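Chemist: Sequence:
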Amino acid sequence: VVRQGKGNKDRVVPVGLRALVWVQRYLDAVRPRLTTKHDSGYLFVTIWGKRLARSTLTILAGRAIRDDAHLKKAGACHVFRHSMATQMLERGADTRHIQAILGHEKLETTQVYTRVAIGHLKAVHEKTHPAERKPKSRRKKTTRAAPDKG
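Numbering (UniProt numbering), first residue to last: 1 to 150.
Just so you know, not all the hints are guaranteed correct.
Derived DSS-like pairs (lysine-lysine); straight-line CA-CA distance at most 30 Å [what the hints assert, rightly or not]:
hint, residue 1, residue 2
1, 122, 72
2, 106, 122
3, 50, 37
4, 50, 9
Here are the simulated distance ranges between beta carbons [unchecked claim]:
hint, residue 1, residue 2, range
5, 127, 54, 39 to 45 Å
6, 105, 33, 37 to 43 Å
7, 48, 127, 49 to 55 Å
8, 66, 38, 30 to 36 Å
Derived by calculation from the structure, the hints in this document are not laboratory data. Bear in mind that the values here come from a model prediction, so they are computed numbers and not experimental data. Each residue gets a CB set at the ideal place from its N, CA and C atoms; glycine is no exception.
Put together the whole structure using the sequences plus the hints.
Modeler: Have a look at this one:
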């Protein structure tokens, strides 16, 4: 459950197994060392055990995007949201499911996130459009001549 996410909205967001493994490692090995004096109850905390500010999360995400992913984009956390939505759409997720995960009231808002790379659109078109299907090979029917009765 995300409490007071973007727009101060609470929402339920699915979390994948890979992310859960990393969160558990953080909970087991890191967080206890940060909350020795003060436990704010927040999942992610500062080195003083207090709530991690959104701006700090943005800075950390920005570093990961620039340094680890080698992307030169601004927006940090927004880049993750946009990438997730686009990649889910490209892998066949329904737009309404993406809308629910992102917490959008209007489908039009979600469609802004789900602009798909033209290369992907071309590949989907070639794979699914009826006119793009390769014609089935037609074998010539050979007819045998009837034996001469004469």
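Chemist: Hint by hint, note whether the structure agrees.
Modeler: Taking the hints in turn, this is what the structure says about them:
no., hint, verdict
1, 122 x 72, "26 Å, holds"
2, 106 x 122, "27 Å, holds"
3, 50 x 37, "10 Å, holds"
4, 50 x 9, "22 Å, holds"
5, 127 x 54: 39 to 45 Å, "41 Å, holds"
6, 105 x 33: 37 to 43 Å, "40 Å, holds"
7, 48 x 127: 49 to 55 Å, "53 Å, holds"
8, 66 x 38: 30 to 36 Å, "31 Å, holds"
Checked against the numbered hints above, the structure violates none of them.
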